[in-house]
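Enquirer: Sequence lines, in order, name chains A and B.
First residue of the first sequence? That's 62 in this note's numbering, and the numbers climb one at a time after it.
First residue of the second sequence? That's 345 in this note's numbering, and the numbers climb one at a time after it.
It should be emphasised that the hints constitute simulated quantities derived from the structure, not laboratory data.
Check before you lean on any hint, since a few could be wrong.
[Said to hold, decoys possible] Under the rule of at most 27 Å between Cα atoms (straight-line distance), these lysine-lysine pairs were calculated in the DSS-like manner:
{"id": "1", "chain 1": "A", "residue 1": "Lys113", "chain 2": "B", "residue 2": "Lys438"}
{"id": "2", "chain 1": "A", "residue 1": "Lys128", "chain 2": "A", "residue 2": "Lys80"}
{"id": "3", "chain 1": "A", "residue 1": "Lys128", "chain 2": "A", "residue 2": "Lys102"}
{"id": "4", "chain 1": "A", "residue 1": "Lys113", "chain 2": "A", "residue 2": "Lys97"}
{"id": "5", "chain 1": "A", "residue 1": "Lys97", "chain 2": "A", "residue 2": "Lys70"}
{"id": "6", "chain 1": "A", "residue 1": "Lys128", "chain 2": "B", "residue 2": "Lys438"}
{"id": "7", "chain 1": "B", "residue 1": "Lys386", "chain 2": "A", "residue 2": "Lys105"}
{"id": "8", "chain 1": "B", "residue 1": "Lys386", "chain 2": "B", "residue 2": "Lys415"}
{"id": "9", "chain 1": "B", "residue 1": "Lys438", "chain 2": "A", "residue 2": "Lys102"}
{"id": "10", "chain 1": "A", "residue 1": "Lys101", "chain 2": "B", "residue 2": "Lys415"}
{"id": "11", "chain 1": "A", "residue 1": "Lys128", "chain 2": "B", "residue 2": "Lys401"}
{"id": "12", "chain 1": "B", "residue 1": "Lys412", "chain 2": "B", "residue 2": "Lys359"}
{"id": "13", "chain 1": "A", "residue 1": "Lys113", "chain 2": "A", "residue 2": "Lys80"}
{"id": "14", "chain 1": "B", "residue 1": "Lys386", "chain 2": "A", "residue 2": "Lys101"}
{"id": "15", "chain 1": "B", "residue 1": "Lys359", "chain 2": "A", "residue 2": "Lys105"}
{"id": "16", "chain 1": "A", "residue 1": "Lys101", "chain 2": "A", "residue 2": "Lys132"}
{"id": "17", "chain 1": "B", "residue 1": "Lys438", "chain 2": "A", "residue 2": "Lys101"}
{"id": "18", "chain 1": "B", "residue 1": "Lys412", "chain 2": "A", "residue 2": "Lys97"}
{"id": "19", "chain 1": "A", "residue 1": "Lys132", "chain 2": "B", "residue 2": "Lys415"}
{"id": "20", "chain 1": "A", "residue 1": "Lys105", "chain 2": "B", "residue 2": "Lys438"}
{"id": "21", "chain 1": "A", "residue 1": "Lys102", "chain 2": "B", "residue 2": "Lys415"}
{"id": "22", "chain 1": "A", "residue 1": "Lys128", "chain 2": "B", "residue 2": "Lys415"}
{"id": "23", "chain 1": "B", "residue 1": "Lys386", "chain 2": "A", "residue 2": "Lys132"}
[What the hints assert, rightly or not] A few chain A positions that, by computed beta-carbon distances, are all more than 10 Å from chain B:
{"id": "24", "residue": "Pro69"}
{"id": "25", "residue": "Asn78"}
{"id": "26", "residue": "Gly89"}
{"id": "27", "residue": "Lys101"}
{"id": "28", "residue": "Lys102"}
{"id": "29", "residue": "Phe103"}
{"id": "30", "residue": "Ile106"}
{"id": "31", "residue": "Ser109"}
{"id": "32", "residue": "Pro122"}
{"id": "33", "residue": "Ser126"}
{"id": "34", "residue": "Asn140"}
{"id": "35", "residue": "Ser141"}
{"id": "36", "residue": "Ala153"}
{"id": "37", "residue": "Glu163"}
{"id": "38", "residue": "Gln164"}
{"id": "39", "residue": "Pro168"}
Treat the numbers as computed from the prediction; the structure is a model and nothing was measured.
Beta carbons are placed, not taken as given, at the ideal position from N, Cα and C, and that holds for glycine.
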Amino acid sequence: DTAVSQTPKYLVTQMGNDKSIKCEQNLGHDTMYWYKQDSKKFLKIMFSYNNKELIINETVPNRFSPKSPDKAHLNLHINSLELGDSAVYFCASSDSRTGFGEQYFGPGTRLTVT
Amino acid sequence: QQQVKQSPQSLIVQKGGISIINCAYENTAFDYFPWYQQFPGKGPALLIAIRPDVSEKKEGRFTISFNKSAKQFSLHIMDSQPGDSATYFCAASKGGGSTLGRLYFGRGTQLTVWP
């Protein structure tokens, strides 16, 4: 039983294409996140949703658009992909009732833009 | 601006030795300090965490030492094992407001434990 799952695990695409990454959590959490991890392993938060409401929107290009159809799902759509978008993208979730610092991460999606 | 500063960037320790990773923060509003462990090809996983009302927390071979006045905290891994080889991230968070659920991560420490 995977707590936080992401699809696909690997994504190879060309510059200019549009792609989506899907995330689902079965922990009953009310908060979900997207992180970007670069080649130096730095974890940068991109977005956060609490009960389907956008809470955190870091300085991310507007080519990135998150969508939360319900509390258990948070998808990330990326338009006009660029070489610099190549990274590992992690979805995470937490329960606001027990603390936001305890986050559960998915296995990641390695995006390679050629 | 890096809210949480972590050192060293990489650490090599002999099996059975003690691994020590240090972190420092500036924002006194932080009230939760977790450490995450990440193995290659996996997502980060919560390892151990501490709140500022205690100075130390121990779970098995892992201990967090917290110095509120110095705004520093550190992770100690006793009897380090090759299976501990991973990237370790310290982090800090504060509850409520527009930063709801926000974790500020350090840049990570790559730990290698030689057998």
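Enquirer: Name the hints, by number, that the structure is in violation of.
Expert: 8, 11, 12, 15, 16, 18, 19, 22, 27, 28, 29, 30, 31, 36, 37, 38, 39
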